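Protein chains in written order, with this note's numbering: chain A, 1 to 318; chain B, 1001 to 1538; chain C, 2001 to 2306.
Worth flagging that the hints you see were computed from the coordinates, not collected in a lab. No false leads were slipped in.
Here are some of the chain A residues that sit facing chain C, going by a computed Cβ distance under 8 angstroms:
| id | residue |
| --- | --- |
| 1 | Val141 |
| 2 | Pro144 |
| 3 | Trp147 |
| 4 | Met150 |
| 5 | Val154 |
| 6 | Gly250 |
| 7 | Leu253 |
| 8 | Gly255 |
| 9 | Tyr261 |
| 10 | Ala292 |
Listed below are the simulated SDA-like cross-link pairs for lysine to any residue, each with C-alpha atoms no more than 20 angstroms apart in a straight line:
| id | chain 1 | residue 1 | chain 2 | residue 2 |
| --- | --- | --- | --- | --- |
| 11 | B | Lys1223 | A | Asp94 |
| 12 | B | Lys1223 | A | Arg85 |
| 13 | B | Lys1146 | A | Ala51 |
| 14 | A | Lys235 | A | Ala108 |
| 15 | B | Lys1204 | A | Ala54 |
| 16 | B | Lys1146 | A | Arg86 |
| 17 | B | Lys1223 | A | Gly97 |
| 18 | B | Lys1204 | A | Glu55 |
| 19 | B | Lys1204 | B | Ile1138 |
| 20 | B | Lys1204 | A | Arg85 |
| 21 | B | Lys1204 | A | Arg86 |
| 22 | B | Lys1146 | A | Glu55 |
| 23 | B | Lys1204 | A | Ala51 |
| 24 | B | Lys1176 | B | Val1165 |
| 25 | B | Lys1146 | A | Phe83 |
No experiment lies behind these values; they were computed from the predicted model shown. Backbone N, C-alpha and C fix where the C-beta goes; we use that ideal spot for every residue, glycine too.
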Amino acid sequence: MLSAFLLRRLLATVPIAVGVATIVFAVMRFVPGDPAALLAGPNASDDVIRAIRAEYGLDDPLVVQYVRWLGRLVRGDFGESIFLRRPVLAEVLDRFGNTAILGAASLALAAAGGIVAGILAATRARSLVDRLVMFLALCGVGLPVFWTGMVLIVIFAVQLRWLPPQGMSPPVRQGPFDIVPFLILPAVTLALPSLAFIARVTRMSMVEVLQQDYIRAARAKGLAGHAVLWGHALKNALIPVVTIVGAQAGYLLGGAVLVEYVFGWPGLGLLIVNGINSRDYPLVQGGIVFTAFVFVIINLFVDVLYTRIDPRIRYGGR
Amino acid sequence: METISRRTFLAASAAAASSGLLAACGGAPAAQPAGSTGQTTAGPRRGGAIVYGSPIDPLTLDAHAVSDNYTRRVAYAIYDPLVRESPDKTEILPALAERWEQASDGMSWTLSLRRGVKFHDGTPFNAEAAKFNLDRQINPDHPNNKDGNWLFYRLFLTPIASVDVVDEYTIRLNLKQRYAPLMNYLTTNPSYMISPKALRELGKGVADRPVGTGPFRFSSWQKGQQLTLERNPEYWGQTAYADQLIVRPIPDAQSRLLALQTGQINFTVDLPPDSVDIVRGDSRLRVQQRVSRQHWAIQLSQRFQPFTDQRVRQAISLALDRTALTRDVLRGTGQPARGPFSPAFGEWVARDLPANDNQPDRARQLLREAGVDTLDVRFLIPSGGTGMQQPVPMAEFIQGKLAAVGIRVTLDVQEFAAYVQRWNAGDFQMSARGISSVTFDPDNYLNSLFNSINFPPQGLNAAFYRNEKFDELASTVRRESTPTVRRNACHEAQRILMNDMPWVFVDHEIAMWYHAAEVNGFVMRDNVEVDWNLLYLA
Amino acid sequence: MADAKPTVAPLALSTRGTQASSASVSPRAQAWRRFRRHPLAVAGTVVLLTIVALALAAPVLPLANPTPMELQTVNRLRPVGWPGYLLGSDELGRDLLSRLVWGGRTSLLAGIGAALLSLVPGVALGLTAGYFRGWVDSAATHLIDIVMAFPGVLLAIAIVAAAGPGLTNAMVAVAIVGIPLYARLVRGHVLSLREREFIQAAEALGSSTPRILFRHLLPNCLPLIIVAGTLDVGAKLIATASLSFLGLGTQAPQPDWGAMLATGRQFFFVAPHVALLPGLLIFLTVVSFNLLGEGLQEALDSRLPL
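The shape of chain A in the complex, shown without the other chains (with noise of 0.2 angstroms):
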């Protein structure tokens, strides 16, 4: 049952590929400016842009450079980056290696500190504790990482010098866990947002469940309050919050690019911002397509987990 679900759910994904490829195609070529003379350098010649124009085939009708796109793509060919020299795709998966670490550690940080404080919270509801902890929620919903960075770089890298203020490894290099100071403060800033939202649908979610009749009724036949927590409330309090970490893996993917800024953490955001910067047309369609597909696969993946963990759902026809 699940596995025809799988395969109908991944041919699903097939033509939102096609879509997402579309779409970024047709961004890119409203760009303004000719590709050709910015990658030809200032003063070239015009026998040399017209070389590069050839070179690229940027001189063809736009179906035929879409439909040349999309077959590359399909191949795995997201062409060549102009400034780089190597294959988009190559530069990509490097690239996408370091976002992925700077993702997964924070949202790690955000799944574990939002459900630890939606749980206290909840537990405690309408208490001091969880006014406070819901206030401090929403008021971390509300920070833009690109101040809090620069705040937490003043105060911990430049005031207390504890951790390093940006990059991601020492210059020489002593063993794969030195990155963990350089990860710490990017990590903490791309967090905070999800954590405060993930603790409020924690919250939200284990007080509507602990007032539903079974766990009344769990407690009238007498069990403890701790094992009626873990035991019955949490697991199906967690249902929800399992889809919304689901969906923040996607935000944390798209929110990198500003905190890679911030900390020049080399990853696939910044080197997207930086292709935009130089113009590298291949670099910034492949980068975006990539983090599109990686999105569509983070979905995929949530929705498959999700059937697994909650046994009311069971998908037929739409």
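Chain A is already provided as a structure; the job is to place chains B and C on it using the hints.
Relative to the frame of chain A, chains B and C by itself:
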């Protein structure tokens, strides 16, 4: 031997002697400019890493394809040019070429090459290798000619017609025309020598796996993150003191400052002007500064109606307040300019140029005389970029000053690449650009920016300035060899330029270098290059 | 798939207010009474109204010119409380208070404008898809799914990069990315309303399609749209400020909180307030919008689905 080459050779010998090394006559270790500076105290120590926070990731490590200063600075660690500039004098010193001589008719130069030099891959450096490198950029039939568009070669060395191998260590450059500043331009990256073996095997790929003769050799490169170079133990000159030279691209100026303060990097450039005092106040950091060759100027297009009137152009210059601009907006990181040539050009600067500054009343009067009551003009500037200093605050300041004399300026702020494209096409009414000469020879500014043979799109005379008398003087500077003739022509050309005022020169950037106190042996040059091999940690 | 914007949060300061209300009180009064019960929501609304009032009144307030032609560069980066500069000055000696107030106009306009620009087409799309179902619905759903397959900020950045930087382009880009949010919300609601008696009755009575859409369906969606829209303004404000921060939004010399923050960042060590203040205002405004949205959620008894 021509006057210039004899003079420079003597200077080179003097520099070599002062550093305790004899001028090379054969395979001996050679004169390394400024080698003396690091050796004043306990003596340089080997080891450690110089970590340079660069404003950009090098765009390429193919020396001949380099077309920007930041990249050239890094490439200079891996490659040697045929000749180089002295760090503190306006003279040419030997590098891979030890001696040079101009033929009596001025139509060719003969260069004697250094012996015993090997590329990082063991390939010997000789006349064939030198010819292979230069031919790559000159000759369309060369197997590696199509690897790039050789911008710097086209800008500076097109007068070279062909290269002859005279013997194993001698080459002759045959010219299409007399070309006085040839040796000056041979200090730039088109003369950096790449291993012919690597070129044959890798072609374009040398951009990512460079093989040169320089004091550092390539180790690894994670683009956008880190370039690691390691000491070349067989360097023909002073072997590098540092074990490694690490280049970390940090585009954001504030982040570079942070990285320097927290010890993530120990060497950098281009910090925000306001942070200079912070670095000065930090006992662990050092600042070095020197007036650069750069000028920051406003271009007034001769294709835009009122700017064709010389009085309007003069009025714009008179409306500015360069003292307030350099003091307040630039926090002393610039010095007011009178012409294209900064004091770093020494004797080439005409001393009697008028200031044309901060006289708003006279500016208003000139505008009245020209019949200009109100004037609306669009001012094209970039949001940032190489050599542009602080373009937006500077432009906003200028906007205010011009408003005071009745010229309404609308800022047209473009991202750097888009701006460069429009600027190079001369597509603006009024624009501003910070430009830095690759050489101390005045030829670069006079001819490429103001000679009317260099109108866009071929050349960089983006204001479409034309004055026949000026063109003649600029050509004299290009062709004549006699120093006094060139100097007089150069001075006269500046006077004409400042009278015509197609460009309004605003300031000369004061180049600032920042490094950790433990980095020693750094001597600032007027150009972009750094003697990386002489830096050491102590 | 769940909503990917963290700022559009289901807020839950209390459990749902489902108390029976006495028949004598009008629905509006009931709503107001429910709203008043949340001191934080009221506080947020007061803060928000103050900020909006200041921004609206900027032209008549006794403020210095935010973009003066004659710059007092001697007085640059003055600290808070400097004579003549209540909140100090920026890197060109411009009055920071004035730039913050005028910048607030830009930033609020950007946030509210972007939210409206996604709301209107989003609601229209949701209404039609939900009502007509069939191929219209499946086409709309696919389009929504595709746009939602992008991490929002990234697509907005790409659009602005392509269309060129500027406030309008930034607003439009952020708005485009936000359209599916409303479309999904409204479509879902309409699908459930459609089965209800009053719609079926209207159809049976031969009401015209526009009449059903705009007289019956839209009003029933309104509470939901108002709540979602209010919560969304905060998200859009941050999104447009982010673009300005990256240099893709408002261009100099026009003040804007995001752009001011980006510039102020360069002077953070010598004059931290130049960057801190605009950031603080973004934060305050967003939190206030969220509090207001939460209050409305309670007041209109219209909770957003997860």
